[in-house]
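Residue 124 in our numbering sits at position 124 of the sequence shown, with consecutive numbering throughout.
Simulated from the structure, these hints should not be mistaken for laboratory data.
Possibly wrong hints are sitting among the right ones.
Have a look at the derived ranges for each label pair, beta carbon to beta carbon [claimed, not checked]:
| id | residue 1 | residue 2 | range |
| --- | --- | --- | --- |
| 1 | I12 | L158 | 16 to 24 Å |
| 2 | S8 | F85 | 21 to 29 Å |
| 3 | T86 | K33 | 26 to 34 Å |
| 4 | T86 | P142 | 25 to 33 Å |
| 5 | S8 | L91 | 27 to 35 Å |
| 6 | W37 | N154 | 15 to 23 Å |
Listed next, the in silico DSBU-like pairs over lysine-lysine satisfying Cα-Cα at most 30 Å (straight line) [unchecked claim]:
| id | residue 1 | residue 2 |
| --- | --- | --- |
| 7 | K38 | K15 |
| 8 | K27 | K105 |
| 9 | K70 | K11 |
| 10 | K105 | K33 |
| 11 | K38 | K70 |
| 12 | K11 | K33 |
| 13 | K9 | K70 |
| 14 | K105 | K95 |
| 15 | K38 | K105 |
| 16 | K95 | K11 |
| 17 | K33 | K70 |
| 18 | K38 | K27 |
| 19 | K27 | K15 |
| 20 | K38 | K95 |
| 21 | K9 | K33 |
| 22 | K38 | K9 |
| 23 | K33 | K15 |
| 24 | K70 | K105 |
Built from N, CA and C at the ideal position, the CB exists for glycine as well.
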Amino acid sequence: MNNRLELSKLKIGEKIPDWQLEPVFEKSMPSLKDFEWKPLLILFFSLGCPGCLGRAIPYANRIVFENGDKINVIGIHTNFEGIDFTIQQFLNAQKEFHIRFPFYKDFNYDTTFLNYGAGGTPHWVLVDREGIVVYSIFGSDPNNALLRLDYLINELILDI
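Build the full structure now, drawing on both the sequences and the hints.
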C-alpha cells in the first residue's frame with residue numbers, strides 16, 4: 001500500500017521502527033531490543049476508547065494468559081485528542097480491567113501512533129521474533145481484527 005503523505009514509518013515485511021514512549025508506572029523505558037527473540041504484539045489503546053476497554057484490553061489479557069511464555073505483549077496508551085490522564089486513572093484502569101501487560105504512554109500523546117500509521121484505537125501491530133512487522137490492523141471486532149490476529153499469532157508461536 002502506498003502512503004502518499006509518508007506519515008507512517010511502519011512497513012509490513014520490514015524491521016519495526018523505534019518507538020518513543022513515556023513511563024506510566026516504571027522508571028525505565030523498554031527498547032525494542034528488550035522484546036527480541038519472541039514475537040511482539042503491540043496494542044495502541046486509550047482509556048477513553050470503549051472498544052479498547054470492552055474488547056481490546058480483554059483480548060490482550062487473554063493472549064498474555066494463554067501464551068505469555070511465547071509472545072510479548074505491550075500496550076501504548078495514545079491519545080490523539082490530547083487529554084491527559086492521571087496516574088490514578090491509569091492505576092484504576094489497571095485494576096478494573098486486570099491489565100496483565102506492561103503499558104506506557106505515547107510520547108507527546110500520539111508520536112508513535114502517527115509514526116506507526118495507526119488508524120485509531122485500538123490498533124494492533126504484530127512483529128515476529130526477528131523484529132519484522134507481520135501485520136498492522138485497526139479495530140477490535142472479534143470476527144475481523146481479533147480473529148485475524150489469533151490466526152497470525154498462532155502461526156508465529158507454533159514452533160516456540
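Evaluated hints:
no.: 1; hint: I12 / L158: 16 to 24 Å; result: 20 Å, holds
no.: 2; hint: S8 / F85: 21 to 29 Å; result: 25 Å, holds
no.: 3; hint: T86 / K33: 26 to 34 Å; result: 31 Å, holds
no.: 4; hint: T86 / P142: 25 to 33 Å; result: 31 Å, holds
no.: 5; hint: S8 / L91: 27 to 35 Å; result: 32 Å, holds
no.: 6; hint: W37 / N154: 15 to 23 Å; result: 18 Å, holds
no.: 7; hint: K38 / K15; result: 14 Å, holds
no.: 8; hint: K27 / K105; result: 12 Å, holds
no.: 9; hint: K70 / K11; result: 24 Å, holds
no.: 10; hint: K105 / K33; result: 18 Å, holds
no.: 11; hint: K38 / K70; result: 6 Å, holds
no.: 12; hint: K11 / K33; result: 18 Å, holds
no.: 13; hint: K9 / K70; result: 27 Å, holds
no.: 14; hint: K105 / K95; result: 17 Å, holds
no.: 15; hint: K38 / K105; result: 22 Å, holds
no.: 16; hint: K95 / K11; result: 34 Å, violated
no.: 17; hint: K33 / K70; result: 16 Å, holds
no.: 18; hint: K38 / K27; result: 23 Å, holds
no.: 19; hint: K27 / K15; result: 26 Å, holds
no.: 20; hint: K38 / K95; result: 27 Å, holds
no.: 21; hint: K9 / K33; result: 18 Å, holds
no.: 22; hint: K38 / K9; result: 22 Å, holds
no.: 23; hint: K33 / K15; result: 12 Å, holds
no.: 24; hint: K70 / K105; result: 24 Å, holds
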